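*Asks:* Given chain A's structure and the hints, the job is docking chain B onto it.
Heads up: the protein sequence lines correspond to chains A and B, in order.
Reading the first sequence from the start, the letters are residues 5 to 334 in this note's numbering.
Reading the second sequence from the start, the letters are residues 11 to 104 in this note's numbering.
Check before you lean on any hint, since a few could be wrong.
[Stated by the list, open to error] Here are the simulated DSS-like cross-link-like pairs (lysine-lysine), alpha carbons at most 30 Å apart as the crow flies:
#	chain 1	residue 1	chain 2	residue 2
1	A	K278	B	K73
2	B	K73	A	K289
3	A	K222	B	K15
4	B	K16	A	K222
5	A	K109	A	K278
6	A	K329	A	K289
7	A	K314	A	K289
8	A	K314	A	K329
9	A	K289	A	K278
Note that these hints are calculated values from the structure, not bench results.
Since the structure is predicted, the reported quantities are computational estimates derived from the model, not experimental observations.
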Amino acid sequence: MPAVRTCMTDAEPGMVVESERGFPSTRYDLLAALDHIFRHQLDYQRRFYWPAFMMPLYVAIVRRLAATSELPDKQVSFGPVRNVHCDVLIIGPCGSGSAAFEFLKNAGLNVVLADGARSSSRGSSRAIGYYEGGEVVVLTDRGLGLVTPRAILLATGIAESGLAIPNADLPGVLLPSALRVLASRGVVPGSRAVVVRNSDLLDSVTEDLETLQIRLVKNFPDPGNTRRIIGRHRVEAVDAAEVLGSTTRYGCDIVILLGARVPSVELAHQAGCKLVHMDGVWCLKVDEDFRTSVPSVFGCGSVTGLWDPKAQTASGEGAARSILKTLGGT
Amino acid sequence: MVVDKKFACLCEDVTLEELRHAIREGFHDIEEVKRITGIGTGPCQGKQCLQSFRLLLAEETGKPLDEIGLTTPRPPVRPVAFGLWLSNNDGGSE
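Only chain A is shown next, with the shape it has when bound in the complex:
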């Protein structure tokens, strides 16, 4: 995807991954000179609107500079939208959703799981929008599906967030889930890691580093102590501030950023559910029966602000019981 630093394609073993090209190439990018000329950012929104008669030229040139890469052009065919009616639609990758799925399935209900995870038997399915009347659009390998459920359970979980440290866009900077995916596929991204965090989720990262035999060089519990990430084409070191204003350099080839855990409340927000502010983030508000403020929409797991895995599973089962009661099951 040109002009952005992220892409949506999963990296798989054997795939060749290349970054976008600059001008005339990524390796010899003449446009990098602009970084030296405009040391405090090139503010193209304000710099290129005067004199007015030059505007068409600015638009023609500046917009082109912003995206000089090309996208592969291919013909893709899309299947028709499928309509799905079910008793319960469970949305989200949170473990509490799987617990609720098992419970409701065993109770004999027609349950659809849109969990965002890819499995060899079911492919992938992801809820992408909540629409009026309680209809949810789901993206699957075969195209779009329009799901009309009698009840919805939101177990949308949390999203990882990064930390705004200078040069955190260098290759070799990872979030914990990326490390987990690489560990599960046996890909070793480096040999020496520095962890920078402002959350307490260190256990799973330490476990993954041990599995991949990556040495933990330094763990910064406060991101404020890290000055910058050093590297030209990829991560080479991290500079840290010391007490007397001096800087210590820690050589490494991976930096793992553990930012805040942010509940994925997008679909809840679209459904009009009330949110509550807890621990610095917005969470889905549910009552003791796991009901949200919107009828027939329930919530469970980490999206409701539960951080403990056992409590999350228990909330999944509790929500499933509540749904069963509401739909008139036994």
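*Replies:* Chain B alone, transformed into the frame defined by chain A:
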């Protein structure tokens, strides 16, 4: 030497400096800052950057964090190929 940049939004290349600049220009509402800088409008739709954006907004405006709301998450919450929206809605029911 390459100039250090602190990216708040990696998808849309928005730096902390650009956000501060917009807030100091008088844009204090989370939606306003989103619209002027483009933060949170890329492929991840704000999943990675929203929290650091909210923290910065609280710091710069002096408002408590619970008064800083969220940007409006319109469907689709994940990127979808344009062609899919052209699919016919006659795929039958299951």
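*Asks:* For each hint, tell me whether it holds in the structure or not.
*Replies:* Outcome of the hint check:
| no. | hint | in the structure |
| --- | --- | --- |
| 1 | A:K278 with B:K73 | holds (21 Å) |
| 2 | B:K73 with A:K289 | holds (23 Å) |
| 3 | A:K222 with B:K15 | holds (23 Å) |
| 4 | B:K16 with A:K222 | holds (21 Å) |
| 5 | A:K109 with A:K278 | holds (28 Å) |
| 6 | A:K329 with A:K289 | holds (20 Å) |
| 7 | A:K314 with A:K289 | holds (19 Å) |
| 8 | A:K314 with A:K329 | holds (23 Å) |
| 9 | A:K289 with A:K278 | holds (6 Å) |
Checked against the numbered hints listed earlier, the structure breaks none of them; every hint is satisfied.
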